[in-house]
Amino acid sequence: MIPVLPYTAEVLDSLLARYNAAIVPLPAAAVLVSVAILGHAARPVREGDRMASLFLAAAWAWVGIVFHLRYAATIDFMAPLYGGFFIAQAVLLLWTGVWRKQLVYRVGDHTAGRIGCGLAVLAIAGYPLLGLLAGHDWTSLPWVGAAPDPTALLTLGLLLTARPVRPHLLVVPVMWSLVAGMTALSLDTPERLVLPAAAILAVVVAERIRRTPTP
Numbered sequence: 001m002i003p004v005l006p007y008t009a010e011v012l013d014s015l016l017a018r019y020n021a022a023i024v025p026l027p028a029a030a031v032l033v034s035v036a037i038l039g040h041a042a043r044p045v046r047e048g049d050r051m052a053s054l055f056l057a058a059a060w061a062w063v064g065i066v067f068h069l070r071y072a073a074t075i076d077f078m079a080p081l082y083g084g085f086f087i088a089q090a091v092l093l094l095w096t097g098v099w100r101k102q103l104v105y106r107v108g109d110h111t112a113g114r115i116g117c118g119l120a121v122l123a124i125a126g127y128p129l130l131g132l133l134a135g136h137d138w139t140s141l142p143w144v145g146a147a148p149d150p151t152a153l154l155t156l157g158l159l160l161t162a163r164p165v166r167p168h169l170l171v172v173p174v175m176w177s178l179v180a181g182m183t184a185l186s187l188d189t190p191e192r193l194v195l196p197a198a199a200i201l202a203v204v205v206a207e208r209i210r211r212t213p214t215p
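Residue 1 is where the sequence shown starts when you use the numbering used here, and the numbers rise one by one after that.
Treat the hints loosely; a few may be bogus.
[To be verified] Computed beta-carbon distance windows for the label pairs: (1) Glu47 / Met182: 34 to 44 Å; (2) Ala21 / Glu47: 32 to 42 Å; (3) Pro164 / Pro6: 35 to 45 Å; (4) Arg210 / Ala22: 39 to 49 Å; (5) Gln102 / Ser186: 30 to 40 Å; (6) Arg114 / Leu81: 28 to 38 Å.
Don't read these hints as lab results, they were simulated from the structure.
Backbone N, C-alpha and C define an ideal beta-carbon position, used for all residues, glycine too.
Starting from the given sequences, assemble the full structure and let the hints guide the process.
Quick look at the structure:
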């Protein structure tokens, strides 16, 4: 059953436009940092893994606190709950990737790394492009590091490049992808179904990695 949301696609676009205008130049900076993280995953630099995890944690915390609790809460009564989950994901990323240094991002020559890289590129450039092609105004496009969907997509992609796989870090991004999918169906915005599709792919790939014996 497709849920009935307390807002329309036009209302959501208007909210995103106001949000984007209020946080300039954060989206552009987040895109540049995301590209740099991909560069690190391909050609590692010292402390790059911790910095990548720190950025992801900061992005999840920002989206949870600023987007969900301050902006989305004005149109969606579920937003505070979503914000709490995003903040929890930020804490998990800080603990696992920054404090314990257990996340090493490498594209490498393995299929999972390439798929993860592809999902990350989709989050950075493909997701806003899909929005434009679907007829959304450029002012209301969701950007990685600032909006929930592309941030979750980037995280899924980068986690596929990490070894070993950390299943606990996939839970919240996958949960959010389900919310995004139901939202897309309810608002008739099929371009946003790319996130749940990517989440399914990420889970399949992660499970395959987990079941593959370590040499």
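Hints versus structure:
Distance hint check: the CB atoms of Glu47 and Met182 are about 39 Å apart, consistent with the given range 34 to 44 Å. A beta carbon spacing of about 34 Å between Ala21 and Glu47 agrees with the range 32 to 42 Å that was offered as a hint. For Pro164 and Pro6, the hinted distance range of 35 to 45 Å is satisfied, since their beta carbons lie about 41 Å from each other. Taking 39 to 49 Å as the suggested C-beta distance range, the pair Arg210 and Ala22 conforms, at roughly 41 Å.
Judged by the Cβ atoms, the range 30 to 40 Å given for Gln102 and Ser186 holds: they are separated by roughly 37 Å. Between Arg114 and Leu81 the CB atoms are about 35 Å apart, so this pair conforms to the stated range of 28 to 38 Å.
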